[in-house]
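**Student:** Need the complex rebuilt from these two chains, each delivered in its own frame; the hints are there to steer you.
So you can see what is in the structure, the chains are spelled out below.
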Amino acid sequence: METQKTALYDYHKSLGAKFVPFAGYEMPIQYSTGIVEEHRFTRSKAGLFDVSHMGQLHAEGKFGLASALEKIIPANLKGIKLNQSKYSFLTNTIGGIYDDLIVTKVEKGFNIILNAACKNNDFKIIKNALGDKFRLTLHKNLSLIAVQGPKSSEILEKIVNKVSSLKFMNGSNFYYRNENIYITRSGYTGEDGFEISLPNNIVEDFTKKLITEGAKPIGLGARDTLRLEAGLCLYGHDINESTNPIEANLEWTISKIRREEGGFPGYDKIKSDMNGGLSRLRVGIKPEGKIIAREKTKIFSLDNQEIGSVTSGTFGPSVNRSIAMGYVKYNFSKVGTKILLEVRGKKHEAKVSELPFYKKSYAR
Amino acid sequence: MNEKKFSKQHEWVSTDGEVATVGITKHAVEMLGDIVFVELPKKGKNVEKEGQAGVVESTKAASDIYSPIAGEVTEVNQSIVDDPAAVNKDPEGNAWFFKIKIKNKSDIDILMSKADYEKFAKENPN
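Going line by line, the protein sequences match chains E and H. Under the numbering used here, the first residue of the first sequence carries the number 1, and numbering increases by one thereafter. Under the numbering used here, the first residue of the second sequence carries the number 1, and numbering increases by one thereafter.
Keep in mind that the hints were calculated from the coordinates and are not lab data. Every residue, glycine too, gets a C-beta built ideally from N, C-alpha and C. There's no promise every hint is true.
Unchecked claim - Dumping the calculated DSS-like pairs for lysine-lysine here, alpha-carbon to alpha-carbon at most 27 Å: (1) 42/H to 13/E; (2) 42/H to 298/E; (3) 60/H to 5/E; (4) 256/E to 290/E.
Said to hold, decoys possible - Some but not every residue of chain E turned toward chain H, in silico, with C-beta under 8 Å: (5) 30; (6) 31; (7) 36; (8) 40; (9) 209; (10) 211; (11) 221; (12) 292; (13) 294; (14) 314; (15) 318; (16) 319.
Chain H extracted, bound-state conformation (with noise of 0.2 Å):
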């Protein structure tokens, strides 16, 4: 797998190949809180780049996740439907949201660096 790369709605992609890997970063987590509640896409459904694709609750409130990039859903991570608050423990490692096949490279290029998105999210504490 190649390095993660990051969005500015705080969502987390790692390629392998075709496929991408999408989740929320720790920093999202430590933002939202404890969560209790995740919806995933259909596998098989096509979703847009920076299309709604699931949704997050914490104790507080609902938070709707984004795909960064286009792309068909192959597969995804029931383990935090089934226990939310697996996505506190291991944001960014077990608990992952979705795989997709990637429609256009160019959406993965054009996503920032691991020590760009932490200078974002610094200066974007909410």
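Bound conformation, chain E alone (with noise of 0.2 Å):
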């Protein structure tokens, strides 16, 4: 399959961008000034991140929508409120998560954004459980931005008026050069910030602005360590087809209503590990020392058994630490738990840590 290049590529490249190829796109892996520096910006400032490789989906229909999603999706569709957003995923029969996704109500449905490796798989799901009495779209001709950080609400308020005053979790229509575009509060950072769906083509004029304002841009390197100081999973790493939500600690993400009526794929596996039936849970890990303890890094207790492995480990800039995320057996899973990592042949001492390793500062 050839490689396919978002609506911003020419312009990433003219900003300096080293691209590497993810998922099927060539996307900015960093700019000039580097990952750490990229990353501290959007901690003190706002960086801007160009997510247009990740899918937008709109799904269309009168009666019965929310019913017919929610048999896939283990979330409250009905109970949500217009332009409010929710995370959450698609299931599979054990349980285990097809794709993390975030689903917003809209007027005439839903829009959910998935990730760009799953997408296609994800419509061939959601279509399958919708049928044809509901319309699909899987949008082209839109791109999708984010801009995160302290600065992010007044740089963005200067190109998009009452902008600010979204809620997190929240989005609403505006306009922009007389097109219509989408903006959540949301992102993927731990720090405030909206991600912005507009067409193709007024992506570029409006990331420029953005630019202009004072947001920098920030490629997926930067992006990697600040979710992961911000505890928050990435897709095919953290979570994936064989981990479930109650394992991958995010049980918050399934209201009430749901945990008790059940009603989607893998319900009878998640409700056993609700119910004491957990065997691994997925925690964060601080390492002694320097030492960095990448994906697949086998973990041990201090007897030297093999009890979990870790799924994302980097150097937090803005924790200025050594961090890392995994899944251990549930008994070693206690915050303060002493652990060993097996990193090039040689057993290194860590801890287990509460998540977020950096606290988030999000517009309530």
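**Tutor:** Below, the structure is given as structure tokens:
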């Protein structure tokens, strides 16, 4: 398959981006100043991310759409308010995760943001569940950009009037150059910020305005260090088809009514894990010293039993230390538990830690 | 000290009598990005020519460091272990990696000159 490019590709190039192939797209991994500087800029001011590779799905229909989607997504979609967003999943029959997603109730239906690597398969799953009763569109003509950081509200307000009145995990329609754009107050960095869905033909112009107002472009490298400090999962690494939301420590995403009533794939397994059947749990990990524990690093107990493995690990620039996440046997998941990480054949001490590593500052 | 010589694995070597100082090149550092972890060989260790002699990790990934020459490690630069970011600042100066007692002079002779290395680095950007 030929590598795809987002509508901002040439603009990224002009800004000095280094590209990497990611989920079938050529995406910027970093710009000239490097990952650590980009990370710090996002935490102190405002970073700009092109996430147009992600899937933007729109499901439309009058009656029964929320019920139909609830058969494959364990969120309370019948109870969601207009313009409200929820973090949820497409689950499989064993409770594993086909994809994680953000679903937003809009006037005529739902907008669903999907991971780039999963979006075509997700479309099939959703299409299959909805049948021909509802209209389903995976948008090709829309871009998605995120502006994240403490200055993002101030910067975006200069371009889009009244956007700063949005609350966290809420969205609304706005206008830019007579085009309808949809903005939600959300993100993937642990900072206050916005995600802006807009037509491909105006995205470069809009992005340039954000940069003029003080935002700086940030690549996938810093996106990864930012989300890991914020304790957020990366699909295909921290969660996948064999991890369920309870093991992933994401029980909070399933509302009370859905926990009680079920009615989505894998509910039996999820219910049993909620009721004391849990055998492993996703935890934060703080290695002693500077050693970095990357994905697949084996985790041992102090008496050398293998108890799990790391799913993400890096150096966190804002916490100024090595950080990781991974799954450990449930008995070893308590915060403060001492564990060992096997890196290049040697075992290194570490502790199970609270998540997030970096305290979030969302606009509630 | 003599002029620096360079390896295809992007290390530099400068010699002072029997002892060679080894580090990684500016070009290597640019490719690696922000360095966040350095592991060096133990003092007294005998390393082979092109043998693994350390690890550097950037925010992106881990990379092995090879010794372009064989010999016994006589000194290591603890300051870059304590402050890995120093490697980004001065890779071909203060942020040297280790010193080695040269076993075979011929190991040095076959390394590239600065001009040849720059040409090589340009042709092999990764």
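**Student:** Work down the list of hints and note, for each, if the structure agrees.
**Tutor:** For each hint, the structure was consulted:
1. Of the pairs offered as hints, the one joining residue 42/H and residue 13/E is violated, with about 43 Å between alpha carbons and a cut-off of 27 Å exceeded.
2. The hinted pair formed by residue 42/H and residue 298/E meets the criterion: a straight-line CA distance of about 25 Å does not exceed 27 Å.
3. Pair hint residue 60/H plus residue 5/E holds up; C-alpha atoms about 22 Å apart against a cutoff of 27 Å.
4. Between residue 256/E and residue 290/E the CA atoms are separated by roughly 41 Å; this puts the pair beyond 27 Å, and the hint is violated.
5. About 7 Å separates the beta-carbon of residue 30/E from the nearest beta-carbon of chain H, less than 8 Å, and the hint is met.
6. This hint is violated: residue 31/E has a C-beta 11 Å from the nearest C-beta of chain H, more than the 8 Å allowed.
7. Below 8 Å, beta-carbon pairs count as interface contacts, and residue 36/E has one with chain H at about 4 Å; its hint therefore holds.
8. For residue 40/E, the interface hint is violated, the least distance from its beta-carbon to any beta-carbon of chain H being 11 Å, above 8 Å.
9. With a least beta-carbon distance of about 29 Å to chain H, the hint placing residue 209/E at the interface is violated under the 8 Å criterion.
10. Checking residue 211/E against chain H: minimum C-beta separation of about 22 Å lies over 8 Å; hint violated.
11. For residue 221/E, the shortest C-beta to C-beta distance to chain H is roughly 6 Å, which falls under 8 Å, so the interface hint holds.
12. Proximity of residue 292/E to chain H holds as hinted, the smallest CB-CB distance being about 5 Å (cut-off 8 Å).
13. Checking residue 294/E against chain H: minimum C-beta separation of about 7 Å stays under 8 Å; hint holds.
14. The restraint placing residue 314/E at the interface with chain H holds, with a minimum CB-CB distance near 6 Å, inside the 8 Å limit.
15. Given hint, residue 318/E at the interface with chain H, is violated; its Cβ is 12 Å from that chain's nearest Cβ, farther than 8 Å.
16. The beta carbon of residue 319/E comes no nearer than 12 Å to any beta carbon in chain H, farther than 8 Å, and the hint placing it at the interface is violated.
Comparing the model with each numbered hint stated earlier shows that hints 1, 4, 6, 8, 9, 10, 15 and 16 do not hold.
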